[in-house]
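For the protein sequence lines, the chains are A and B, in the order given.
This note's numbering applies: residue -3 is where the first sequence begins, and numbers increase by one.
This note's numbering applies: residue -13 is where the second sequence begins, and numbers increase by one.
What the hints contain is simulated information worked out from the structure, not anything from laboratory work.
Honestly, I wouldn't trust all of these hints.
Over the 12 Å line for every Cβ pair with chain B, so calculated as not near, a few chain A residues [said to hold, decoys possible]:
#: 1; residue: T49
#: 2; residue: Y75
#: 3; residue: D76
#: 4; residue: R132
#: 5; residue: R142
#: 6; residue: R155
The following label-pair restraints were derived from C-beta to C-beta distances [as the list claims (entries may be wrong)]:
#: 7; chain 1: B; residue 1: E299; chain 2: A; residue 2: D293; range: 47 to 57 Å
#: 8; chain 1: A; residue 1: E68; chain 2: B; residue 2: K187; range: 50 to 60 Å
#: 9; chain 1: B; residue 1: E105; chain 2: A; residue 2: K296; range: 35 to 45 Å
#: 10; chain 1: A; residue 1: T103; chain 2: B; residue 2: E58; range: 46 to 56 Å
#: 11; chain 1: B; residue 1: L46; chain 2: A; residue 2: E68; range: 16 to 26 Å
#: 12; chain 1: A; residue 1: G138; chain 2: B; residue 2: P51; range: 46 to 56 Å
Result set (DMTMM-like, lysine to aspartate or glutamate): computed pairs, CA atoms no more than 25 Å apart in a straight line [stated by the list, open to error]:
#: 13; chain 1: B; residue 1: K280; chain 2: A; residue 2: E135
#: 14; chain 1: B; residue 1: K187; chain 2: A; residue 2: D260
#: 15; chain 1: B; residue 1: K187; chain 2: A; residue 2: D258
#: 16; chain 1: A; residue 1: K269; chain 2: B; residue 2: E251
#: 17; chain 1: A; residue 1: K240; chain 2: B; residue 2: E168
#: 18; chain 1: A; residue 1: K286; chain 2: B; residue 2: E251
#: 19; chain 1: A; residue 1: K269; chain 2: B; residue 2: D88
#: 20; chain 1: B; residue 1: K232; chain 2: A; residue 2: D260
#: 21; chain 1: B; residue 1: K24; chain 2: A; residue 2: D260
#: 22; chain 1: A; residue 1: K269; chain 2: B; residue 2: E168
#: 23; chain 1: A; residue 1: K269; chain 2: B; residue 2: D124
Just so you know, even glycine gets a beta-carbon here, dropped at the ideal spot from N, CA and C.
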Amino acid sequence: MNENKKELLRVEGLKKYFNTPGGLLHAVDNVNFSINEGETLGVVGESGCGKSTMGRAILRLHEPTEGKVFFEGHNILEYDKSKMKQLRRDMQIVFQDPFASLNPRLTVSEAIAAPMLIQKMYTKKDRVELQKQVSRLMEMVGLADRLKNSYPHELDGGRRQRIGIARALSLKPKFIVCDEPVSALDVSIQAQILNLMQDLQDELGLTYMFITHNLSVVKHFSDNIVVMYLGQMVEMAPTELLFKNPVHPYTQALLSAIPIPDPDYPMNRILMKGEITSPINPEPGCRFYKRCPYAKDCCKNPNIGLKEVEPGHFVSCERIGDPELKENPNA
Amino acid sequence: MADNNTLLQVKDLVIRYETDDGVVEALNGVSIEIHTGKTLGLVGETGAGKTTLAKGVLRLIPSPPGKIVSGEVLYDGKDLLKLSEEEMRKIRGKHISMIFQDPMTSLNPVMTVRDQIMEVILQHNNISKKEAEKRADDMLELVGIPAERGHEYPHQFSGGMKQRVIIAIALACQPKLLIADEPTTALDVTIQAQVLDLIQKLKTRDNTSMLLITHDLGVVAQTCDYVGIVYAGEIVEYGTLREVYKDMRHPYTKGLMASIPNLVENVRRLQTIEGLMPDPTNLPKGCKFSERCKYATDKCREKVPDMVNVGGEHMVRCILANEEK
Chain A
-3 MNENKKELLR VEGLKKYFNT PGGLLHAVDN VNFSINEGET LGVVGESGCG KSTMGRAILR
57 LHEPTEGKVF FEGHNILEYD KSKMKQLRRD MQIVFQDPFA SLNPRLTVSE AIAAPMLIQK
117 MYTKKDRVEL QKQVSRLMEM VGLADRLKNS YPHELDGGRR QRIGIARALS LKPKFIVCDE
177 PVSALDVSIQ AQILNLMQDL QDELGLTYMF ITHNLSVVKH FSDNIVVMYL GQMVEMAPTE
237 LLFKNPVHPY TQALLSAIPI PDPDYPMNRI LMKGEITSPI NPEPGCRFYK RCPYAKDCCK
297 NPNIGLKEVE PGHFVSCERI GDPELKENPN A
Chain B
-13 MADNNTLLQV KDLVIRYETD DGVVEALNGV SIEIHTGKTL GLVGETGAGK TTLAKGVLRL
47 IPSPPGKIVS GEVLYDGKDL LKLSEEEMRK IRGKHISMIF QDPMTSLNPV MTVRDQIMEV
107 ILQHNNISKK EAEKRADDML ELVGIPAERG HEYPHQFSGG MKQRVIIAIA LACQPKLLIA
167 DEPTTALDVT IQAQVLDLIQ KLKTRDNTSM LLITHDLGVV AQTCDYVGIV YAGEIVEYGT
227 LREVYKDMRH PYTKGLMASI PNLVENVRRL QTIEGLMPDP TNLPKGCKFS ERCKYATDKC
287 REKVPDMVNV GGEHMVRCIL ANEEK
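Put together the whole structure using the sequences plus the hints.
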């Protein structure tokens, strides 16, 4: 990573297991990465790969099973409740579904004011000041002032997501986890929200962790990308490198599956066998083994870790360097 | 226009929903044509009227509140809107079948998947239960599900497999036309690739025509022969895949295309279409897109523009269609 830049968040050996009737569910398994101030880390993977759980574990919305999360150099997993509450001002989240994440009984201005009241940035007495701040936030995210007294059900998805963003911004955070913030929206609205988030990042120097299953969105938005499969990181690289030279067979298949809106674009889909396997009591070794076109016995090695294949580009695959694997069908 | 190859022709179809909040003008005179063995992709955003059109063709519009006001749906020369309900039932599943968007909710949770496939086979064929069972098992194998799993219930399958079961049901009687309403929207991208591949394979085998409804311009580019862009209940641009993608003329089509983050080129800032889709209970009088269009003039706001032919089969609903912009 660039040494001139200040590291804001570092995650070490993060694990989150859930106890289920079927056994231990390895939702997030030994994840390591860091994010620099003002940058965006994209996290991609398919449903059930643990990307949302990871986002929440970092904010301690799910208590991690193991590992360390350093925010500005301090391990926040050691924080007690009151210190954690203080920290929430700095770390916020925007949720996926703007239809489910807003309280239907709060008006727009009440919903935006709520986090500031909870954090005691304003008291009931500063009503006028608080309302001014709400108006400022609404303007910032592009919500018309006349919507102040509207309820969420009166608004479309794009506007609701703007409320979610305003709420997250209200505490002046440094770091925001964006959990699929645009996947419920139509493309023209999606573009509006992505531009808004980009402007806010430039203006306020925000750091984002951007979780999504949409590879075109993540490419557009991120400085670095982590690809996850069944709770584990399979590849991590600066965005340009990842798209130019995907090394892990899963990343290759994932990239090849995106339909490009150009009839002349040569599609070279790698069709994977089967579907994502269960994260409950997974077998040791590479979790992509069963679907991987290149799988060999050596892939059952239980200690496949991330290896650096070029500066900043890490891959977790036992067969790196194997000439068979090298071919990138969409290069 | 309509020739021997035309399997389905929809002419000026108007569909409205009469609700307490006013009349929703869901479809305002839509005309499309599908040729034998070809795929037409209909693209548009939520609420554009894509699903209403699909349901209108099969006469599945819930009534009330829905109402087919006027128009014709010619299938093999017959107007489906004039058929009795009983005759219509012989068309559905046998001649035209439909794949619905959400595989999680469109299967019957208390019937085994084999029984659900058999149901449509027995409905349209005069054969014994044993034979139907055999055919259902063949269908399962065809879509890549082992026949042994036929006795299982939908909840025992993953999303991708449920969608395969739905495809098996839709294609069990080898229909001539398949209507697929966002068949892969609920699926992950690698599973989407598998399902699209499967649909394509089966379609080619039986020379089936398809109406594919989607909001994903990428999916259309990879699967369709023709494209129609839908906005506020109207087709605003129509043509062969190449005509529309390589020479798009309508400002809405352009805006839609520019708002997708591009995987191939790098763009720092996405272009957006300002504003929102108009309220379908209160549509603008002239061009439906005029409120959001940066080229709009007073003339656009007065009268709905006609479809203009700009060469080949390429039609555009814009008064500026023939001008360079």
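Results for each hint:
1. T49: At about 16 Å from chain B, T49/A clears the 12 Å cut-off, so the statement holds.
2. Y75: Y75/A is indeed farther than 12 Å from all Cβ atoms of chain B, at 35 Å.
3. D76: holds (39 Å)
4. R132: holds (22 Å)
5. R142: Holds, because the least Cβ-Cβ distance between R142/A and chain B comes to about 15 Å, which exceeds 12 Å.
6. R155: violated (9 Å)
7. E299/B <-> D293/A: 47 to 57 Å: Because 55 Å falls inside the window, the suggested range holds.
8. E68/A <-> K187/B: 50 to 60 Å: 54 Å Cβ-Cβ, so the 50 to 60 Å window holds.
9. E105/B <-> K296/A: 35 to 45 Å: holds (44 Å)
10. T103/A <-> E58/B: 46 to 56 Å: holds (48 Å)
11. L46/B <-> E68/A: 16 to 26 Å: violated (57 Å)
12. G138/A <-> P51/B: 46 to 56 Å: Check failed, 34 Å falls outside 46 to 56 Å.
13. K280/B <-> E135/A: holds (23 Å)
14. K187/B <-> D260/A: Holds: K187/B and D260/A sit about 20 Å apart, inside 25 Å.
15. K187/B <-> D258/A: Cα-Cα ~21 Å, so holds.
16. K269/A <-> E251/B: violated (30 Å)
17. K240/A <-> E168/B: violated (30 Å)
18. K286/A <-> E251/B: violated (34 Å)
19. K269/A <-> D88/B: holds (23 Å)
20. K232/B <-> D260/A: Between K232/B and D260/A the Cα gap is close to 9 Å, so the pair holds against 25 Å.
21. K24/B <-> D260/A: The given pair, whose Cα atoms are some 18 Å apart, holds under the 25 Å limit.
22. K269/A <-> E168/B: holds (23 Å)
23. K269/A <-> D124/B: holds (20 Å)
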